[in-house]
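Same order as they appear, the protein sequences are chains A and B.
Residue numbering for the first sequence follows the numbering used here, beginning at 1 and increasing consecutively.
Residue numbering for the second sequence follows the numbering used here, beginning at 1 and increasing consecutively.
Read the hints as simulated data drawn from the structure, not as lab findings.
A few of these clues could be false.
Cut-off 35 angstroms, straight-line C-alpha distance, at most; resulting in silico cross-link-like pairs (DSBU-like, lysine-lysine) [said to hold, decoys possible]:
no., chain 1, residue 1, chain 2, residue 2
1, B, K52, B, K68
2, B, K109, B, K68
3, B, K52, B, K77
4, A, K44, B, K56
5, A, K44, A, K71
6, A, K51, B, K77
7, A, K62, B, K60
8, A, K62, A, K44
9, A, K51, B, K52
10, B, K106, A, K51
11, B, K77, A, K44
12, A, K71, B, K109
13, A, K51, A, K27
14, B, K106, B, K60
15, B, K60, B, K109
16, B, K60, B, K77
17, A, K51, A, K62
18, A, K44, B, K68
19, B, K106, B, K56
20, B, K106, B, K77
21, B, K56, B, K77
22, B, K68, A, K71
23, A, K62, A, K27
24, B, K68, B, K56
25, A, K44, B, K52
26, A, K71, B, K77
27, B, K109, B, K56
28, A, K62, B, K77
29, B, K56, A, K62
30, A, K27, B, K56
31, A, K27, B, K52
32, B, K56, A, K71
33, B, K106, A, K71
34, B, K109, A, K44
What follows is a list of derived Cβ distance ranges for each label pair [to be verified]:
no., chain 1, residue 1, chain 2, residue 2, range
35, B, P10, A, R78, 18 to 26 angstroms
36, A, S30, B, S83, 44 to 52 angstroms
37, B, E76, A, E68, 26 to 34 angstroms
38, A, G97, B, Y30, 18 to 26 angstroms
39, B, G29, A, I54, 41 to 49 angstroms
40, A, S30, B, Y30, 26 to 34 angstroms
All values derive from a computational prediction rather than experimental measurement.
Cβ coordinates follow ideal geometry from the N, Cα and C atoms, glycine included.
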Amino acid sequence: NAGVMQNPRHLVRRRGQEARLRCSPMKGHSHVYWYRQLPEEGLKFMVYLQKENIIDESGMPKERFSAEFPKEGPSILRIQQVVRGDSAAYFCASSPGAGEKGEQYFGPGTRLTVT
Amino acid sequence: GDSVTQMEGPVTLSEEAFLTINCTYTATGYPSLFWYVQYPGEGLQLLLKATKADDKGSNKGFEATYRKETTSFHLEKGSVQVSDSAVYFCALSASGAGSYQLTFGKGTKLSVIP
Numbered sequence: 001n002a003g004v005m006q007n008p009r010h011l012v013r014r015r016g017q018e019a020r021l022r023c024s025p026m027k028g029h030s031h032v033y034w035y036r037q038l039p040e041e042g043l044k045f046m047v048y049l050q051k052e053n054i055i056d057e058s059g060m061p062k063e064r065f066s067a068e069f070p071k072e073g074p075s076i077l078r079i080q081q082v083v084r085g086d087s088a089a090y091f092c093a094s095s096p097g098a099g100e101k102g103e104q105y106f107g108p109g110t111r112l113t114v115t
Numbered sequence: 001g002d003s004v005t006q007m008e009g010p011v012t013l014s015e016e017a018f019l020t021i022n023c024t025y026t027a028t029g030y031p032s033l034f035w036y037v038q039y040p041g042e043g044l045q046l047l048l049k050a051t052k053a054d055d056k057g058s059n060k061g062f063e064a065t066y067r068k069e070t071t072s073f074h075l076e077k078g079s080v081q082v083s084d085s086a087v088y089f090c091a092l093s094a095s096g097a098g099s100y101q102l103t104f105g106k107g108t109k110l111s112v113i114p
């Protein structure tokens, strides 16, 4: 049973470009969470999605960031017009249910570098 | 808001040494507490958890006790191995609505040398 898959593992973008990060949850999981880890910081919650629905995006910056989890295919975290401050590791997690009590399974992360 | 503070690393130990990684938290109500481990090149894995005061979580020789009076959840292992080298994250989830949101500490990198 494959774990949570994220790609690419490393992504380099110039300032002003768009970054697209993909997350395929574990088989049978319909709940996806995105977290961001800035340098020297802990992981911070960004957004919680179920299939075709955004449940909680309270941790997502209001501008340039968006997330989706379509009926078919992976969840996508999109960052438009990237800036240097977006350089971070982005982790995706999934769970079969609402993921309470820490029952979330994490992917290896995508490390975004903005030059 | 909720927060987690854990000891800064890196921590370097010899094989079979005793390990303690300190973790304290700030939260309202009765959060659940977790330790996650990240091995090189892999995602975070849940190592152990405790959901109420005085609970002890344990797994793979690691253990941590939920101490509400000191708001702490220190990770311990009696005898570390080289294979324990990884980054360890302390985390909490709030009680009630929004409990799916995990709040993490910054992580502590552990290196165990033969």
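These are the hints, each one checked on the structure:
The hinted pair formed by K52 of chain B and K68 of chain B meets the criterion: a straight-line CA distance of about 9 angstroms does not exceed 35 angstroms. About 26 angstroms separates the Cα atoms of K109 of chain B and K68 of chain B, which keeps this hinted pair within 35 angstroms; it holds. A C-alpha spacing of about 21 angstroms is found between K52 of chain B and K77 of chain B, which places the hinted pair at or below 35 angstroms, so the restraint holds. Distance restraint check for K44 of chain A and K56 of chain B: the Cα-Cα separation of roughly 26 angstroms lies within the 35 angstroms cut-off, and the hinted pair is therefore satisfied.
Taken as a hint, the K44 of chain A and K71 of chain A pair is honoured in the structure, with Cα atoms around 26 angstroms apart against an allowance of 35 angstroms. Between K51 of chain A and K77 of chain B the CA atoms are separated by roughly 40 angstroms; this puts the pair beyond 35 angstroms, and the hint is violated. Restraint check: the Cα-Cα separation between K62 of chain A and K60 of chain B comes to about 41 angstroms, which exceeds 35 angstroms; the hinted pair is violated. Taken as a hint, the K62 of chain A and K44 of chain A pair is honoured in the structure, with Cα atoms around 15 angstroms apart against an allowance of 35 angstroms.
With a CA separation close to 32 angstroms, the supplied pair K51 of chain A and K52 of chain B stays within the 35 angstroms bound. Note on K106 of chain B and K51 of chain A: the hinted pairing holds, with a Cα-Cα distance of about 30 angstroms set against a maximum of 35 angstroms. With a C-alpha separation of about 27 angstroms, the suggested pairing of K77 of chain B with K44 of chain A holds against the 35 angstroms cut-off. Using a Cα cut-off of 35 angstroms, the hinted pair K71 of chain A and K109 of chain B is violated, with the two alpha carbons roughly 38 angstroms apart.
For a cut-off of 35 angstroms, the pair hint linking K51 of chain A to K27 of chain A stands: about 13 angstroms separates their Cα positions. As the CA atoms of K106 of chain B and K60 of chain B are separated by approximately 22 angstroms, the hinted pair is consistent with the 35 angstroms bound. The straight-line distance between the Cα atoms of K60 of chain B and K109 of chain B is roughly 18 angstroms, inside the 35 angstroms bound, and the hint therefore holds. Restraint check for K60 of chain B and K77 of chain B: the C-alpha separation of about 9 angstroms stays at or below 35 angstroms, so the hint holds.
For a cut-off of 35 angstroms, the pair hint linking K51 of chain A to K62 of chain A stands: about 21 angstroms separates their Cα positions. A threshold of 35 angstroms between alpha carbons decides the hint, and for K44 of chain A with K68 of chain B the separation of about 24 angstroms falls inside it, so the pair holds. Of the supplied pair hints, the one linking K106 of chain B and K56 of chain B holds, its CA atoms being roughly 22 angstroms apart against a limit of 35 angstroms. For a cut-off of 35 angstroms, the pair hint linking K106 of chain B to K77 of chain B stands: about 20 angstroms separates their Cα positions.
Proximity of K56 of chain B to K77 of chain B is assessed by CA-CA distance (about 13 angstroms); at most 35 angstroms being required, the pair is judged to hold. Only pairs whose Cα atoms come within 35 angstroms are accepted, and K68 of chain B paired with K71 of chain A is rejected, the gap being roughly 42 angstroms. With a C-alpha separation of about 31 angstroms, the suggested pairing of K62 of chain A with K27 of chain A holds against the 35 angstroms cut-off. A C-alpha spacing of about 12 angstroms is found between K68 of chain B and K56 of chain B, which places the hinted pair at or below 35 angstroms, so the restraint holds.
At roughly 23 angstroms between alpha-carbon atoms, K44 of chain A and K52 of chain B fall within 35 angstroms of each other, so this suggested pair holds. Only pairs whose Cα atoms come within 35 angstroms are accepted, and K71 of chain A paired with K77 of chain B is rejected, the gap being roughly 44 angstroms. Between K109 of chain B and K56 of chain B the CA atoms are separated by roughly 23 angstroms; this keeps the pair inside 35 angstroms, and the hint holds. Of the supplied pair hints, the one linking K62 of chain A and K77 of chain B is violated, its CA atoms being roughly 42 angstroms apart against a limit of 35 angstroms.
Distance check on the hinted pair: K56 of chain B and K62 of chain A sit about 40 angstroms apart at the alpha-carbon level, beyond 35 angstroms; violated. Between K27 of chain A and K56 of chain B the CA atoms are separated by roughly 31 angstroms; this keeps the pair inside 35 angstroms, and the hint holds. Restraint check for K27 of chain A and K52 of chain B: satisfied, since their Cα atoms lie roughly 30 angstroms apart, inside the 35 angstroms limit. Only pairs whose Cα atoms come within 35 angstroms are accepted, and K56 of chain B paired with K71 of chain A is rejected, the gap being roughly 40 angstroms.
Proximity of K106 of chain B to K71 of chain A is assessed by CA-CA distance (about 34 angstroms); at most 35 angstroms being required, the pair is judged to hold. The hinted pair formed by K109 of chain B and K44 of chain A meets the criterion: a straight-line CA distance of about 18 angstroms does not exceed 35 angstroms. Between P10 of chain B and R78 of chain A the Cβ separation comes to about 34 angstroms, which falls outside the hinted range of 18 to 26 angstroms. Judged by the Cβ atoms, the range 44 to 52 angstroms given for S30 of chain A and S83 of chain B is violated: they are separated by roughly 34 angstroms.
A hinted range of 26 to 34 angstroms is violated for the C-beta pair E76 of chain B and E68 of chain A, which are about 42 angstroms apart. Distance hint for G97 of chain A and Y30 of chain B: a CB-CB separation of about 21 angstroms, consistent with the stated range 18 to 26 angstroms. At about 26 angstroms, the beta-carbon gap between G29 of chain B and I54 of chain A misses the expected band of 41 to 49 angstroms. The hinted range of 26 to 34 angstroms is satisfied by S30 of chain A and Y30 of chain B, whose Cβ atoms lie roughly 28 angstroms apart.
In summary, the structure is inconsistent with hints 6, 7, 12, 22, 26, 28, 29, 32, 35, 36, 37, 39 from the numbered list given earlier, while agreeing with the others.
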